[in-house]
Amino acid sequence: MLFATGVVAVGFLAVPVMTTGAAYDLSQTAGWRYSLHATPKAAPKFYGAIVLFSLIGMGMNFLGINPIKALVFAGIVQGFSTPPLMLLILQMTSSRRIMGERASGRGIKVLGLLTFLAISAATLGLVASWLI
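Straight run, no breaks: the sequence shown in our numbering ends on number 133.
Hint data in this document are derived by calculation from the structure and do not stem from the laboratory.
Accuracy of the hints is not assured; some may be wrong.
[Claimed, not checked] Distance ranges between label pairs, derived from CB positions: (1) Lys46 with Ala129: 37 to 47 Å; (2) Ala71 with Ala10: 34 to 44 Å; (3) Ala129 with Lys70: 20 to 30 Å; (4) Ala122 with Lys46: 34 to 44 Å; (5) Thr83 with Leu132: 19 to 29 Å; (6) Met2 with Gln92: 45 to 55 Å; (7) Ala31 with Ile66: 40 to 50 Å; (8) Glu102 with Leu64: 44 to 54 Å; (9) Lys110 with Pro41: 35 to 45 Å; (10) Thr83 with Ala10: 23 to 33 Å.
Remember, predicted model here, so these are calculated numbers, not experimental data.
Note that the Cβ used here is the ideal one computed from N, Cα and C, for glycine as well.
Please take these sequences and the hints and turn them into a complete structure.
Have a look at this one:
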């Protein structure tokens, strides 16, 4: 009973966190004003995105889309996008032109490269497991 209650509680917490996180991502990309500290009148597109993403999530349920399959698909998409994004982040944080004196040092570059190689290997391993 305790475990089931915990799973349900985590589900209730996940909805506002996921929709707000998506709204932050969209707002940052689009250059909109965003903040949970701002009023809806001051950041209407941000709050509109939260409502829109919540409605999309609810709509998926009414369309019969399996939420577990949707989460797995989203995880796969995120997994495939992570290696190129990680490489881009490594290049940007290592650039003195972009970062100035705060550019990454040798240790962070090595750790970042090892992380990139590990997530790339994991992604390739997933593809290999599908083909075998």
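Status of each hint after checking the structure:
no., hint, result
1, Lys46 with Ala129: 37 to 47 Å, "holds (42 Å)"
2, Ala71 with Ala10: 34 to 44 Å, "violated (21 Å)"
3, Ala129 with Lys70: 20 to 30 Å, "holds (22 Å)"
4, Ala122 with Lys46: 34 to 44 Å, "holds (39 Å)"
5, Thr83 with Leu132: 19 to 29 Å, "holds (20 Å)"
6, Met2 with Gln92: 45 to 55 Å, "holds (50 Å)"
7, Ala31 with Ile66: 40 to 50 Å, "violated (26 Å)"
8, Glu102 with Leu64: 44 to 54 Å, "holds (52 Å)"
9, Lys110 with Pro41: 35 to 45 Å, "holds (43 Å)"
10, Thr83 with Ala10: 23 to 33 Å, "holds (28 Å)"
Of the numbered hints given earlier, the model fails hints 2 and 7; all others are met.
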